[in-house]
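Q: Just so you know, the protein sequences line up as chains A and B, in that order.
Be aware that the first sequence starts at 3, since it is given in the working numbering, and climbs by one per residue.
Be aware that the second sequence starts at 695, since it is given in the working numbering, and climbs by one per residue.
Don't read these hints as lab results, they were simulated from the structure.
It is possible that part of the hints are untrue.
Stated by the list, open to error - DSS-like mimics (lysine-lysine), calculated; alpha carbons at most 25 angstroms apart, straight line:
1) K721(B) <-> K735(B)
2) K116(A) <-> K697(B)
3) K699(B) <-> K120(A)
Residue-level listing of the chains:
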Amino acid sequence: MEFEEMVKNSIIFTRAQFDNAKDAISFLAQQLKDRQIVKETFLESVLEREKKYPTGLQLGKINVAIPHTDTEHVLKSGLAIATLTKPVMFRRMDRPEQEIPVSIIFVLAVSNPKEYVKFLAKLTTSFGNGGYIERMFNAQQPKEIIEILKIIFGREAK
Amino acid sequence: MKKIKILVVCGTGIATSTVVSRKLEEKLGEKGFLVETRQCKASEVERNLEGVDIIVATTPVPENLGVPVVRTLAFLTGVGEDEAINEVIEKVGR
Chain A
3 MEFEEMVKNS
13 IIFTRAQFDN
23 AKDAISFLAQ
33 QLKDRQIVKE
43 TFLESVLERE
53 KKYPTGLQLG
63 KINVAIPHTD
73 TEHVLKSGLA
83 IATLTKPVMF
93 RRMDRPEQEI
103 PVSIIFVLAV
113 SNPKEYVKFL
123 AKLTTSFGNG
133 GYIERMFNAQ
143 QPKEIIEILK
153 IIFGREAK
Chain B
695 MKKIKILVVC
705 GTGIATSTVV
715 SRKLEEKLGE
725 KGFLVETRQC
735 KASEVERNLE
745 GVDIIVATTP
755 VPENLGVPVV
765 RTLAFLTGVG
775 EDEAINEVIE
785 KVGR
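Using the sequences and the hints, build the whole thing.
A: Dropping the structure here:
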């Protein structure tokens, strides 16, 4: 998969506001559905999975979450991102009994993990280094986040 | 050298475990280990244990599986990766 295609299938909202995680996931999943990136069933499946296997990642000051679900609910690989002015609570992936405030949500639509793995790996490892998360969080416009994704993914990502 | 068989576990057995598997193959490969990974959902761990030397999981897994478990997000986020690799090697006992 090419970087351009990945960006084309990325939907980004900066400085968004939601009352809770469910509202945020629902909004982002709806955007993916409207662009025919995921099926009708995607939202319900993501919410169900989030209950059983939450996706909050505690990183420190700015925490993130990566809601996603089985490939059968996805038409093509894509990504919906929202940065939040006010964090919403997610349960931790590694310790589901704990809740953490999350400020950036990445809803992942994965149709073929083998094809998508380079992007996924580059995205998730960017959470832990280089200050990329802070830069995304501070972005005022979606295009600023696209610039950061360009750096993270690198032009060589295929 | 004998292969290390790793069962990589996450919630859906798709996105997260794919990233973790590649990372384990890369990092353990650099240290000269032969690695075979298999991925599964947290709910399917018990039926995927055959021949497995160690489990690396990003989510809680059942206790007393008879196989060592490393629960970490290090191979997903890159934070504390070297320590986590050492823990895997130590627990697998090679």
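Q: Now tell me, hint by hint, if it's right for this structure.
A: Here is what the structure says about each hint:
1. K721(B) <-> K735(B): Roughly 23 angstroms between the alpha carbons, so the hint for K721(B) and K735(B) holds.
2. K116(A) <-> K697(B): The hint holds at about 22 angstroms.
3. K699(B) <-> K120(A): Holds. K699(B) to K120(A) sits at ~22 angstroms (cutoff 25 angstroms).
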